[in-house]
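Chains as they are written, first to last, in my numbering: chain A, 1 to 327; chain B, 328 to 1078.
No wet-lab data here; the hints were simulated from the structure. Predicted model only: the values in this text are computed from it and were never measured. Hints should not be assumed to be uniformly reliable.
List of simulated lysine to aspartate or glutamate pairs, DMTMM-like, C-alpha gap at most 20 Å [claimed, not checked]: (1) A:K263 - B:D392; (2) A:K263 - B:D360; (3) B:K442 - B:D392; (4) B:K351 - A:D230.
Which stretches of chain A does chain B cover? Using the computed rule of at least three CB atoms under 8 Å from a CB of chain B, they are [to be verified]: (5) 13 to 24; (6) 33 to 41; (7) 315 to 327.
All C-beta atoms, glycine included, are put in the ideal place defined by N, C-alpha and C.
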Amino acid sequence: MDATALENEARTAIAAAADADALEELRLRYLGRKSELKLALREVRDRETGMALNAARTAIEEALAGRETELAAAAAEDGEPFDPTLPGEPLRRGSLHLLTQLRRQVEDVFLGMGYEVYDGREVETVWHNYDALNQPEAHPSRDPRDTFYFDESTLLRTHTSPSQIRAMLAQQPPVYLISPGRTYRRDALDATHTPVFHQIEGLAVDRGITLADLRGTIELFVGAIFGPRDVRMRTSFFPFTEPSVEFDVTCYLCEGSGCAVCKHSGWIEMGGAGVVDPNVFEAVGYDPEEWSGFAFGLGLDRIAFLRHGLPDLRLFWDNDLRMTRQF
Amino acid sequence: MKVPVSWLREYAAFEWPLERLAAKLVFTSCEVDRIVHRGVADTDGNLGRFLVGRVVEAGKHPNADRLQLCRVDVGEGEPRQIVCGAWNFGTGATVAVALPGALLPGAEEPLGEAKLRGELSRGMILSERELELGADHSGIMVLADGIEPGTPLADVLPLTETVLEIETGFNRPDLASVYGIAREVAALTGAELAPPPGSDPAPEGDEPVAVRVEDLEACPRYIGRIFRGARVEPSPAWLKARLLAAGMRPISNIVDATNYVMLALGSPLHFFDISLLAEEQVVVRRAAKGEKIVTLDGHERELAPSDLVIADANRPVAVAGIMGGEDSEVRTETTDLLLEAANFDALTVLRASRRLRLRSEASTRFEKGVDPYAAEQAAVYASELVVALTGARFTGHTDVRGDLPERPVVQLRPELADRLSGMTFPVEEQRETLRRLGFDVDGDRVTVPTWRAQDVTRPVDLVEEVVRFRLEEVPSTLPSRSAASVQLTREQRLRRQVEDLLAGAGYSEAYTWSLVPVAEGRLALEEPYTVEMAALRTDLELGLLESAERNRNAAVEEIALFEIGRVYLPADEELPDEQLHVAAITEGGFFRAKGALESLHDALGVPLGSTERADGRAARTGYGRIAELPGGWGYFELDLDALFADVPDAIAYEDVITFPSLKQDLAFVVEESVAAGDLIAAARDAAGPELRDLRVFDVYRGDQVGEGKKSIALAAAFQSPERTLSDDDAARLRERIVAALGERFGAELRA
Chain A
1 MDATALENEA RTAIAAAADA DALEELRLRY LGRKSELKLA LREVRDRETG MALNAARTAI
61 EEALAGRETE LAAAAAEDGE PFDPTLPGEP LRRGSLHLLT QLRRQVEDVF LGMGYEVYDG
121 REVETVWHNY DALNQPEAHP SRDPRDTFYF DESTLLRTHT SPSQIRAMLA QQPPVYLISP
181 GRTYRRDALD ATHTPVFHQI EGLAVDRGIT LADLRGTIEL FVGAIFGPRD VRMRTSFFPF
241 TEPSVEFDVT CYLCEGSGCA VCKHSGWIEM GGAGVVDPNV FEAVGYDPEE WSGFAFGLGL
301 DRIAFLRHGL PDLRLFWDND LRMTRQF
Chain B
328 MKVPVSWLRE YAAFEWPLER LAAKLVFTSC EVDRIVHRGV ADTDGNLGRF LVGRVVEAGK
388 HPNADRLQLC RVDVGEGEPR QIVCGAWNFG TGATVAVALP GALLPGAEEP LGEAKLRGEL
448 SRGMILSERE LELGADHSGI MVLADGIEPG TPLADVLPLT ETVLEIETGF NRPDLASVYG
508 IAREVAALTG AELAPPPGSD PAPEGDEPVA VRVEDLEACP RYIGRIFRGA RVEPSPAWLK
568 ARLLAAGMRP ISNIVDATNY VMLALGSPLH FFDISLLAEE QVVVRRAAKG EKIVTLDGHE
628 RELAPSDLVI ADANRPVAVA GIMGGEDSEV RTETTDLLLE AANFDALTVL RASRRLRLRS
688 EASTRFEKGV DPYAAEQAAV YASELVVALT GARFTGHTDV RGDLPERPVV QLRPELADRL
748 SGMTFPVEEQ RETLRRLGFD VDGDRVTVPT WRAQDVTRPV DLVEEVVRFR LEEVPSTLPS
808 RSAASVQLTR EQRLRRQVED LLAGAGYSEA YTWSLVPVAE GRLALEEPYT VEMAALRTDL
868 ELGLLESAER NRNAAVEEIA LFEIGRVYLP ADEELPDEQL HVAAITEGGF FRAKGALESL
928 HDALGVPLGS TERADGRAAR TGYGRIAELP GGWGYFELDL DALFADVPDA IAYEDVITFP
988 SLKQDLAFVV EESVAAGDLI AAARDAAGPE LRDLRVFDVY RGDQVGEGKK SIALAAAFQS
1048 PERTLSDDDA ARLRERIVAA LGERFGAELR A
């Protein structure tokens, strides 16, 4: 047979193939098991003819592949014009509340440090909220002008600290926990105050816990949430800690150089903390000579408010989807 | 509290720059809000433009009736011509003068030379208000005679002041005084602390002072002193300036003296006009029921038997520790005085102040607890001032006291500071710090000063005194604990799963108030916050509905919200049952909400269970309810605690892959009253486990099925995990279903 003639015939036919089906037909005709070329190859006995036939086969294969690519490209251009910049089909997305997002982040940091997450109560006894926490009877926060009472012995907790008492009464040391939740104070309802707000309590009780451990823990937590920041501790007073401190971090907006957010101090107040007062240990039956501990409280709303640059705390409660959908 | 720095330096002459002191106090003692400069600015030689002048000549301005034209000697040789609007002085008066170029307090531009009605004025004669030395602007300040003209005004008047504005904690009432801050500053900077101010004037008589204290618990100390022959007049400039800088308004020499001593030493005082006290008598007692008093602020107040009062022979003349009465107050014509330097119990003052809704500088100090020993020094200092300022004679003294608290003796445990701080505090350093703060230290025996007796009573309290001076140096370590395996509880994990599921399904998380209006079955606050926030919610519906409506009013599209939060159900126990609920609200009505709920159940592996119809377009499910709320909102709410209890820990695999399923559609015609859920439940009962899936795909009403009837089309899937079901098997199962539904509901197979 004439390999060159066959090759030319095949090339012409392939170039004329209109679609993939036609091309497949040609593949069978020229390269199929019963094709002229395959039969000839099976019977070839001399080297020269063999090489000529092989060259023809390679040429036909290449022609088929080339035409296949051409047809595919043409097919893509057929039908509707293609514009990849058009929007995708909409998928309605919900989102978690900003405070839930922050709460989970804080929980995860402390879970990683081996702290359990303890869910306390919101309606509390005066004993758990004040007495067991060594709060003096004359302390102004006990005033019904500041605290929501149901009767003389029950109230809405004013801080997450009663979780310390409940958790310690329920277990023996060591204790490592955080306790997030709603807290209540008879504050104004305005851009920077709400009568319902959120705190996260932290408590570590073990042998040999120190104020230095408190600083290290706070620094680790602050670094995890805000990135590297300086932390400072100032003297303060809380009935349930002795010594008591307040801790500040370098402002996350101006990095400490002073701006409106930090009132030009370079520092943002994060919360109160201290070494657990022995009177608290005595209220829950722990021996203050054997155990020591630290406790801290963070205001979640304030942290999220400053971090996201919100103008008004009430936005957390309006649930306006135009705001929610940004996060 | 506002602390004028010149005053502070009188008691502790610290050498540190003020900024450094303020920055350090923040760590060791109290919050410093800011440092404020007041009075004449001390920059660019400004103080040098304020001089003492003597009026050499004063007469009417030729072109203006209301102005004086003066020539004032300010030590320059040639007197200056100055136009002045005041008439309370004449030739020879010594006055305060500002020269052109001087910047007055509060002014933006320096004073210039100006022509007033045609006459050049080369300076200004000043009033005390213009110098922020008082409130008087009715005339200019006339200074004492004999001061050389040209003397810098700053040498004779406190023209400039710097004020530290600080906030002190509840546990440190001792810091609510200039001397108290000075004590702290001395301990911090190493400056020497001056002895407390005040030395007793010589008594000029020994008349009895009639003081009777009926309740020594509530009034452990009452020092009464009589002064006769006082002249009531305005205070001198230095005293007014100090009070103004400390944020108090000067009133008269007598009232100003009490305020000044209170600010200096922290112990409040009061002067009565003794001639207005019946029988010149003082009785400290509880008020009788129905007794009334008009307090200094002009309000009549009805007293209660829990209120402690100061009375004379007949009536209350002061609410103890809070405010004096109007009809015994010192007035211009007063000459004879009774000084009260007393101490009142903190809780007694606090309760009366709350009950009467009346607060004062005195009550805010007493309610935190004032050192009863401080009354003595306060009486001494006030006596010195009142004699010096009013020319009065000190003619009588009494000191009535109950058992004053002993100074606590506390054991110093030097190892405790190290154990709790993680730092090292040598014993000698601890003792030295305590000594500087006024503690008497004898080895490990520490006697607490009277002004700290309330908050330092235990070894751990001494630790704080020592550690607070080195808070900046506390190192950073982590608790060294052995390995612990900690994870979220099952409920906490599931809660996150529900949050993620609903957010993924297009619902945005909402937070709504736990406080709602009062209603039957809700736990109500003793005193509501507002009408809308007066009781605890028992479900999440109100808040979510309001939030959804708010979004609709704002023309937001595709509204879908959920909340996971507590509800508070009154219980027989002391505290209510706090349940964790989830609720969701969405556009699209009942079945949109039901779809979300089904998906939630499916994800948690808990069957939805039966859906029982409730009133309206609403239903109860196993763990809560679904409803269509007014406005077309689809809504569901569940008790998550109950739901989570039924979530399987691990879902067992069912083989639905090895053998194929057979699918068949069946349509039944039934009475309108038959519920689809009941048909399905009955079909499942009849067919058994080989009926793997059965669901409604169409409901048809119309001519073909007849009046009062409907056709329910069901898609069934038959499958066995053990073998391939044959067509005969399917026919058998189908037959059972048809028979059972026919029997129970009169259902007829339609196709």
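So if I understand the rule, the pair passes when the alpha-carbon distance is 20 Å or less; does B:K442 with B:D392 pass?
16 Å, holds
Does A:D230 sit within 20 Å of B:K351, going by the straight-line distance between their CA atoms?
Roughly 17 Å separates the two Cα atoms, so the pair holds.
Closer than 8 Å Cβ to Cβ for three or more residues is the test here. Does the segment 33 to 41 of chain A pass it with chain B?
violated (count 0)
Establish whether the coverage given for the segment 315 to 327 of chain A by chain B is satisfied; the threshold is a Cβ-Cβ distance below 8 Å, and no fewer than three residues must meet it.
Check passed, 9 qualifying residues.
Going straight from one Cα to the other, do A:K263 and B:D392 come out at no more than 20 Å?
Roughly 51 Å separates the two Cα atoms, so the pair is violated.
At least three residues with a C-beta closer than 8 Å to a C-beta of chain B: is that true for the segment 13 to 24 of chain A?
Answer violated; 0 residues pass the 8 Å Cβ test.
Quickly compare the C-alpha distance for A:K263 and B:D360 to 20 Å and report which way the hint goes.
Distance ~10 Å between A:K263 and B:D360 Cα, so the pair holds.
When held up to the earlier numbered hints, the structure conflicts with 1, 5, 6 and fits the remainder.
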